[in-house]
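Work out the full structure, taking the sequences as your base and the hints as a guide.
Note that the protein sequences, when read in sequence, are chains A, B and C.
When you line the first sequence up against our numbering, it's residues 1 to 255, in that order.
When you line the second sequence up against our numbering, it's residues 1 to 201, in that order.
When you line the third sequence up against our numbering, it's residues 1 to 251, in that order.
Source of the hints: derived by calculation from the structure; they are not laboratory data.
Misleading hints may appear alongside valid ones.
[Stated by the list, open to error] Stretches of chain C that chain A covers, calculated by requiring three or more beta carbons in the stretch to come under 8 Å of a beta carbon on chain A:
| # | stretch |
| --- | --- |
| 1 | 143-149 |
| 2 | 163-172 |
[Said to hold, decoys possible] Mimicking BS3-like on lysine-lysine, the simulated pairs with C-alpha atoms at most 27 Å apart in a straight line are:
| # | chain 1 | residue 1 | chain 2 | residue 2 |
| --- | --- | --- | --- | --- |
| 3 | C | 195 | B | 182 |
| 4 | C | 195 | B | 39 |
| 5 | B | 18 | C | 116 |
| 6 | C | 37 | B | 17 |
| 7 | B | 182 | C | 37 |
| 8 | C | 195 | B | 36 |
| 9 | B | 105 | B | 116 |
[To be verified] Here are some chain B residues pointing at chain C (derived, C-beta under 8 Å):
| # | residue |
| --- | --- |
| 10 | 20 |
| 11 | 23 |
| 12 | 47 |
| 13 | 49 |
| 14 | 53 |
| 15 | 56 |
| 16 | 60 |
| 17 | 62 |
| 18 | 63 |
| 19 | 183 |
| 20 | 188 |
| 21 | 190 |
The C-beta atom is built at its ideal place from N, Cα and C for all residues, glycine as well.
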Amino acid sequence: MQFLECRGVGKIYASKAGPVEALRGIDLAASEGEFVCLLGLSGCGKSTLLQLIAGLEAPTAGSIRVGGIELDGPSDETSIVFQDHGLFPWMTVERNIEFNMKARNVPSDARAARAGELLTMMRLSGFATRYPHELSGGMRQRVGIARALTTRPRALLMDEPFGALDAQTRGRLQEELLQIWEHQRTTVLFVTHSIDEAVFLADRVAVFSPQPGRITATVPVELPRPRDPETPRFTALKKELRRMLVPDMHGAALL
Amino acid sequence: MVLSQPSINSFQDLKGKKIAVQNGSIGLVSLNWKLKQEKLLGDVELVFMDNQDQPIPLMRGDVAAICVFEPYATLAELSGWGKKLWVPYDTPMGKTNLGFVASLKFIKADPDLTRKIVRAHVLATKELADNPQIAVDTTIKQFKMSKEVAEASTKNLFFSTESGAKFQDGLKSLAKMMIEDKMLEREPDWAEFINTSFLPA
Amino acid sequence: MPSRVFGLLPLLALLVLWQAVSWAQIYPTVLLPPPAKVAAAFVTEYPDIFRNAAASITRVIVGVSLAFCFAVPLGLLIGRYQILDVLADWSIQIFRSVPPISLIPMALLFFGIGDKPAIVLIFLAATWPLLINTIFGVRSIERTLIKVARAARASEQLIFRDIILPSAMPAVFTGLRLAIGGWLTVVTAEMIAVKSGLGYMILNAQLTFRSELIVAGIVVIGAIGLIADQGVRTLRARVCRWQEGLTAEAE
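Pasting the structure below:
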């Protein structure tokens, strides 16, 4: 039994134009400590799947199990990081980081201590009393990640977290994420539309295609770490993935 | 007219209580005079509000009496919210409570028309005095009042265009009362203020 | 940004125009008093004006405070739970349009005479902008923020205290500004058998043709309105400091 199991997961939304099938027949499993990327263009339902796993919505078909238990709302084992960081503008960085713990009734001194650890880990020391609007995009994402890690989740769910950042900041954060992951060995589910990012980060890539959203292939990435994007094997893998995505390209640019 | 709660039988019973009256109105002038007569001025609290709003506090008992115009007086009486305590025609101004007024500019511009309008007013008033049913019907039609209230309140009205010495004396008394109440700074020039030259012979 | 004191310029222009019209004697002075007569009224009637201003301010503070305590919590709930919004929306849209003056007979019937019905009218006038803006404030909360809270399994109580309330605060303050801006309702409210207040003073002056007191009353009402508005702005800037980096308003 894997740590995370999606079996036959489907999601249908009601809309003004009639029911919309966002996901159909998703079978996906991730073992403990595995880094899985969900790759696809916009509208393939990968974010939807992530939100289902986060327990924010319920699937209309199939089941999702986290740590062996079928989901009935958000699980204690998962934490989610959003692309638009979702930081509370009226709270300082440290209060933002402490929020997920506060929601779990962790007493304030324990919260402060753990927040301190994460401030150091995410290289945010010195910014504890600043407000989100005073930080750069990259720093805000660091805060979002720090907040997600405070509760020591066994699975970290990330919804295109670096999508809004410039290439350099993105690169830096990708490396920092890998460091944290290698250190903590959480399972990571990482949604992205960037082939480069997927090949750089993942142990395995689930390739999505749209209408309805489904997984057309799962590709293992057996490159040794740390990975070098210049190597021929890296490039070959990118080509393969691009080929899988090309039928759905619709003129969109791929990275 | 002043209407009071059933428990109030004379003006002296109003000592220490509240009376509703419209500020700046002729009712206030009459009421002040009466309170002075009864030596109650200062012992009665005057509560200022518009005529049409006064029946409600009377009904609720928030005030012991109201000093109000028709048809609100009749309305309150018929609804059983109060009884007649005093009709203010025994003050120095007597029955002088309305006047027919025109601007100097208008009179100068068209004295003939002025004469015609005054004559029409005198004739209409005479007809109403001879046939009060007209007033009742008009009240019902134009003000949408109920037949009961229209009939009862019309009984409390009188129609007159009397403009002689009695009327003028009443007017002068009214001015004096207003000055005493600080509602007027000084008496008007009566020769200028009163003009009986347009009355029909 | 230029100094706020420039805001006096239109007022000075108005004063000059007023004085000019007075000199030209277009209108009888008993109806349109010259500025000097109004200024004299301030000097001679200062204690009365002060007493009346204090009375009106007290009524408005009570009425608006009651409205705040009623409308803000209610607005937070209506904004958060759609079923409440469905229930309340039509009623709110209907009753917010009712002019306070038309409610005087009902106020007399339910609340009697004096301060009580006056405060009720002020309360009603203040409630609508506070309620509507609070609801709007809750509705405009970024959806991601609620998702973060739900994913973290925050309790309803924590969501209200730490997310909904602070997030809606700027809108609540807008509502408060509007509620206080309606302080001119105090004039209507004081038509109901009160014995003090700026509205009472103005109405009395109308009936006794003391037009210089009418103007004096208007001036004081306007000045208090301005001071109150500035007060709310300052308070909002302090409470919602975090907004500085987010909106285009340079406050």
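Right, here's what the structure says about each hint:
1. 143-149: holds (count 5)
2. 163-172: holds (count 4)
3. C:195 x B:182: 18 Å, holds
4. C:195 x B:39: 22 Å, holds
5. B:18 x C:116: 16 Å, holds
6. C:37 x B:17: 38 Å, violated
7. B:182 x C:37: Within the cut-off at roughly 19 Å; holds.
8. C:195 x B:36: This hinted pair holds, its Cα atoms lying about 21 Å apart.
9. B:105 x B:116: 16 Å, holds
10. 20: With a closest approach of 7 Å, the residue 20 (chain B) hint holds.
11. 23: 5 Å, holds
12. 47: 5 Å, holds
13. 49: 4 Å, holds
14. 53: 6 Å, holds
15. 56: Interface hint status for residue 56 (chain B): holds (4 Å vs cutoff 8 Å).
16. 60: Hint on residue 60 (chain B): holds, closest Cβ of chain C at ~6 Å, below 8 Å.
17. 62: Holds. Min distance 5 Å.
18. 63: 7 Å, holds
19. 183: For residue 183 (chain B), the interface hint holds, since the closest Cβ of chain C sits about 6 Å away, which is under 8 Å.
20. 188: 13 Å, violated
21. 190: 20 Å, violated
Checked against the numbered hints listed earlier, the structure breaks hints 6, 20 and 21; every other hint is satisfied.
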